[in-house]
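Heads up: the sequence lines are chains A and B, in that order. Take 1 as the starting number for the first sequence in my numbering and just add one per residue. Take 1001 as the starting number for the second sequence in my numbering and just add one per residue.
The set of hints was computed from the structure by calculation and includes no laboratory data. One or more of the hints may lead you astray.
[To be verified] With a straight-line cut-off of 27 Å between C-alpha atoms, the simulated DSS-like cross-links for lysine-lysine are:
#1 K15/A - K145/A
#2 K1130/B - K145/A
#3 K1335/B - K1353/B
#4 K176/A - K15/A
#5 K1078/B - K1109/B
#6 K145/A - K1105/B
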Amino acid sequence: MLTPADLDTLLLTFKVASIATLLMLLLGTPLAWWLARTHSAWKGMINAIVALPLVLPPTVLGFYLLVLMGPSGAIGEFTNWLGLGTLPFTFAGLVIASVLYSMPFVVQPLQAAFTTIGEQPLEAAATLRAGPLDTFFSVVVPLAKPGFLTAAILGFTHTVGEFGVVLMVGGNIPDKTRVVSVQIYNHVEALEYSEAHWLAGVLLVFSFSVLLVLYTVLKTQPVAHQLK
Amino acid sequence: MTQPITACFQLDYGAFQLAVDLCLPGSGITMLFGHSGSGKTTLLRCIAGLQHAPQGFLEINGSCWQDSERGVFLPTHKRSLGYVFQEANLFAHLTVENNLQFGLKRIGKPSNTADLQHILELLGIGHLLKRMPDRLSGGERQRVAIARALVLNPEVLLMDEPLAALDFKRKQEILPFLGRLHQELSIPVLYVTHSQQEVAQLADHLVILADGRSLASGPLSETLSRLDVPLAQDRDAATVWPVTVSEHEIDYHLTRVTFTGGTLSLPMVDAAIGTPLRVQIFARDVSIALEVPAATSILNVLPASITGLADDRGGQSVVRLQVGNQALLAHITRKSAFLLGLQAGMAVYVQIKGTSILN
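Okay, chain A solo, but in the shape it has when bound (with noise of 0.2 Å):
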């Protein structure tokens, strides 16, 4: 069965991968709108440094954070400037580094997503009075709709199965940084495999039916068809 430890660590990881796609989705949309669009020459190297988590592993980046975040690093001086302390190790912290870490999940739907709208849509809405904001928001929005939601199915899916930058960023401290993932570790690390079984079966069930609705339902209308 699952304790009621288990049971924290689950609440946590639901909670830390909620606001991690919703700041993804909200940082990740003019980012990728910007990429679908742009023809600047620093789009190729924006794309890579978003891609740059799909392969990186993920201790690497979750060293580097640490390291940054800390009482040392650039963004821990200013944290500590600000008097917000330093990160690591702390929710906060936790929920920047899966941010980092899941972005290219979120991004590159919508980006693709975006790019198969292309250019039309928009001239028409500008050509019936709409102006830019108006137009993303009623013509983008819906038109990329199956794209929002893949990205946001990747986007908490991803965060929720992360172990590395979180080993590295968070730590292991109950209630605070102690996610699924590491909770499995630490029973198996105990030899508590039953324990162990239940999470692990909780998240491979969860993660298979998230899966079967993007494939199965979504893909009844995927992006390019929504198009005319």
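Could you slot chain B onto chain A? The hints should help.
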């Protein structure tokens, strides 16, 4: 009623340059005609503000939309225009009705039901309101797109090859609607096309574009018959005359029509006396005689005077004639022109072998 449109743009893309300075009528259909790469669509997009020509001046019905000298450039969504794209470009996530309402909501005008009804009726789309765009045929989609632009009652309607993406049948389905728009609405229309047929059928004013420049701009008949533009040399060169039905000769299955300066016999037209029509006369169907042909099977023999001659590089001469107030083109062989001693100013007779009625 409406003031003329002044459109002056300069734009340099390296491989392509646009440099036009046009004064266009504030009513009727103005066709921007040219082959692909002539800059006609770029010009239309500059007028819409979808493309920003670094140097430009644009005034529509007295309001200035662009004046680069003064740093004025009104963004597209602040211009009172309607735009019909080559592909209908309807919003796929909205029903036909919501597509039509999209612009109306934004100009804060309560949808004037009478106007809307009239436009729905004019374009025959009243029964489609609840449909999604992907449940429409290509022709229906384009009609909805035209209605969506028209309901805003804009200062100018811009149409970018609205029929080009449609097959012949769908074109025939939409052309009558465009003809009716023409008769019933007072909004000036700028219409981009590469089809001489659409020009003949719909244009009041014609602008011929090539390589980003305007070769000619003027009333339809005048511009079609200009010898200094390549159109007059074209195999399908033709002039278009406005005529009025004056008499039906039922026994012969003929209709007589009058134009300023004479009458013509046409194959029977199903139209009441007094109906205005457009008649297209291809230059290849016109021949020239120095005297009234004594006996000929050709019914339409009219006195004319030669107003110009041009040779193509082959064996063909293009003769420009004046019949009454109407200009006419004739394609004849260069040898005939030489043998008859044709010269500008001569009085001759033209025989018109065939005509086609356009509406």
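So, going through the hints one by one against the coordinates:
Of the pairs offered as hints, the one joining K15/A and K145/A holds, with about 24 Å between alpha carbons and a cut-off of 27 Å not exceeded. As the CA atoms of K1130/B and K145/A are separated by approximately 22 Å, the hinted pair is consistent with the 27 Å bound. As the CA atoms of K1335/B and K1353/B are separated by approximately 20 Å, the hinted pair is consistent with the 27 Å bound. Proximity of K176/A to K15/A is assessed by CA-CA distance (about 11 Å); at most 27 Å being required, the pair is judged to hold.
At roughly 15 Å between alpha-carbon atoms, K1078/B and K1109/B fall within 27 Å of each other, so this suggested pair holds. Of the pairs offered as hints, the one joining K145/A and K1105/B holds, with about 23 Å between alpha carbons and a cut-off of 27 Å not exceeded.
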